[in-house]
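Undergrad: In case you want the letters, here they are:
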Amino acid sequence: MSFLLACPNCGERSVYEFRSGGEFRQRPPASVSSHEWARYLYLRKNEAGETTEWWYHQLGCRSWFLAVRDTRTNLVKETYEHD
Amino acid sequence: MLQLFRTQRMWHQHDLKDHYDVVIIGAGVHGLAAAYYLGKQGIKNVAVLDRGYLGGGNSGRNTAILRANYRTAEAIPFYDESLRLYQELSQEVDFNVLFSQIGHLTLAHTDTGVDGLRVRAEANALLGVNSRLVFPEEIKSLVPAMDVSKAAHAPIQAALYHPPGGIIRHDAVVWGYARGADRMGIEIHPHTEVHAIDTDNGQISAVHTNRGRIATNTVVNATSGWCSTIARMVDVDLPIVSHPLQACVTEPLKPFLDKVIVSATLHVYVNQTDRGEVVIGAEIDPYASYNSASTLPTLEMMAAHALELFPILEEARVLRQWSGICDMTPDFSPIISTVPEVRGFILNVGWGTYGFKAGPAGGKTVAELIVTNKTPTLIEPFALSRFYEDRLVGEKAAAAVSH
Ligand SMILES: Cc1cc2nc3c(=O)[nH]c(=O)nc-3n(C[C@H](O)[C@H](O)[C@H](O)COP(=O)(O)OP(=O)(O)OC[C@H]3O[C@@H](n4cnc5c(N)ncnc54)[C@H](O)[C@@H]3O)c2cc1C
Ligand SMILES: [Zn+2]
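Protein sequences, first through last, are from chains A and B.
Per the numbering used here, residue 1 is the first one in the first sequence, and the count goes up by one each step.
Per the numbering used here, residue 1 is the first one in the second sequence, and the count goes up by one each step.
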């Protein structure tokens, strides 16, 4: 099912206007071990359910924002700018 | 006749026992092949669990293209071994899996595309895989219906021709392995969903299902798009993101195409089945999802690009469109591996959009890993540890659209 995303600037648009930036993750401090860095770089929760993720409005205002989406239904619960 | 169908079951129903030596989660090609080869090595107290029906996952949804013309020295021998096992599979399981080695062509429409194919042709030749570069004149003779003219929107410059590649009957492969495993006494349990996995001091101890608890010390995770949800049950995160992959098929047409055609530039691949239907596939949907509904934009994209290659499809009608959920890794290579933190937990995942062709080799090496407690050489490159050791096996160029 393709779906709609509400860009915080432009409003609801087809998902095909956007580029997915993958799930939101907390970047660790530079001091962590290379093992921790590898975990940050490669491992994903890959949640079957609600997940917070980055999106980029490529064919619109070209800004990045966050969305909360259920990956089982593709229903987008909310979108907001990251501060 | 009726009696025949009643007595000659492909596999049998069983009550769930409270203990198995090995529990395999996922009755797709990988789970069933692992069960089959375990049985051949004498390990028969094995259960294969699936929450749905046999082969209802990606093993029943793929476009069944087999080939070995990969790019890296790590991957080529593995896929070549799998192709060899597929060539013998009808004999092995005494069931016709309808493998047609009609040949496979990967098209290049740009200079960099041609360079990429040259690298693959050389790597293939060095490792004994039959593939070579061919140019428009020869391509035309191999695939007369395809537009190889300079007037095309993206003219074809060359192709990697891989004669042993082809198409198989995916359901037959699943059924053949299932029947073979069943005949050795291995139990196959459809409609049995895994909800939780217990560990005891870092060692797998039990599996909880909708039909009860099973004690076991060995679990194989062969659940493709859902593998992260199973790994989460033992607190393991995987380098995997699940993406839908779609395909469609037209009504049957007179035979006009007897090669598999793939174009990464056009994000499309096409082949004609023995029944005459034209199967058209694409790239993954560009976002993570566990939702397997098909979409109109992808159908439009598949149709438009297939038409660029085969203008004669102009009037063909699409019969069906479907999708499967694919477990994508960052390097487009699988993870066949033990997990250091959880003893007895074996991964056979990360098969993404390209794992059907790998079923026999994946299942066989996983069985060997369980029996010998040692990682077979063929799958050493695919250990989970590669992500911590900077040893990724980059196959994107050879697997992103080619699957
Ligand atoms: C449209 C499409 C085209 C493709 N084309 C090709 C191709 O041309 N060539 C190629 O080589 N590959 C192709 N692939 C990829 C290939 O289909 C897969 O890599 C392969 O089938 C994976 O097999 P598997 O046995 O690992 O998983 P699957 O066959 O997906 O089996 C996994 C099983 O796990 C079960 N499961 C999940 N969660 C649970 C649970 N909690 N409890 C119990 N059971 C569970 C599911 O029900 C499922 O049956 C394609 C895939 C798709 C979707
Ligand atoms: Zn916008």
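These are computed hints drawn from the structure, not numbers from a lab.
Watch out, some of these pointers could steer you wrong.
[As the list claims (entries may be wrong)] Cβ-Cβ distance ranges computed for the label pairs, FRET-style:
no.: 1; chain 1: A; residue 1: 32; chain 2: B; residue 2: 144; range: 55 to 63 Å
no.: 2; chain 1: B; residue 1: 13; chain 2: A; residue 2: 62; range: 53 to 61 Å
no.: 3; chain 1: A; residue 1: 22; chain 2: B; residue 2: 377; range: 43 to 51 Å
no.: 4; chain 1: B; residue 1: 380; chain 2: A; residue 2: 2; range: 36 to 44 Å
no.: 5; chain 1: A; residue 1: 25; chain 2: B; residue 2: 73; range: 48 to 56 Å
no.: 6; chain 1: A; residue 1: 17; chain 2: B; residue 2: 137; range: 50 to 58 Å
no.: 7; chain 1: B; residue 1: 19; chain 2: A; residue 2: 43; range: 48 to 56 Å
no.: 8; chain 1: A; residue 1: 64; chain 2: B; residue 2: 115; range: 47 to 55 Å
no.: 9; chain 1: A; residue 1: 43; chain 2: B; residue 2: 297; range: 29 to 37 Å
[As the list claims (entries may be wrong)] Keeping only pairs whose Cα atoms sit at most 20 Å apart, straight-line, the calculated SDA-like set for lysine to any residue is:
no.: 10; chain 1: A; residue 1: 45; chain 2: B; residue 2: 191
no.: 11; chain 1: B; residue 1: 374; chain 2: B; residue 2: 341
no.: 12; chain 1: A; residue 1: 45; chain 2: B; residue 2: 385
no.: 13; chain 1: B; residue 1: 396; chain 2: A; residue 2: 51
no.: 14; chain 1: A; residue 1: 45; chain 2: B; residue 2: 296
no.: 15; chain 1: B; residue 1: 396; chain 2: A; residue 2: 22
no.: 16; chain 1: B; residue 1: 140; chain 2: B; residue 2: 307
no.: 17; chain 1: A; residue 1: 45; chain 2: B; residue 2: 235
Everything numeric in this text was worked out from a predicted model, so none of it was measured.
Even for Gly, the Cβ is constructed at its ideal location relative to N, Cα and C.
Undergrad: Hint by hint, say whether it matches the structure.
TA: Okay, the hints, checked on the actual structure:
no.	hint	result
1	A:32 with B:144: 55 to 63 Å	holds, 59 Å
2	B:13 with A:62: 53 to 61 Å	holds, 57 Å
3	A:22 with B:377: 43 to 51 Å	violated, 34 Å
4	B:380 with A:2: 36 to 44 Å	holds, 40 Å
5	A:25 with B:73: 48 to 56 Å	violated, 33 Å
6	A:17 with B:137: 50 to 58 Å	violated, 42 Å
7	B:19 with A:43: 48 to 56 Å	violated, 32 Å
8	A:64 with B:115: 47 to 55 Å	violated, 34 Å
9	A:43 with B:297: 29 to 37 Å	holds, 30 Å
10	A:45 with B:191	violated, 26 Å
11	B:374 with B:341	holds, 17 Å
12	A:45 with B:385	holds, 18 Å
13	B:396 with A:51	violated, 26 Å
14	A:45 with B:296	violated, 29 Å
15	B:396 with A:22	holds, 18 Å
16	B:140 with B:307	holds, 16 Å
17	A:45 with B:235	holds, 10 Å
The structure shown violates the earlier hints numbered 3, 5, 6, 7, 8, 10, 13 and 14.
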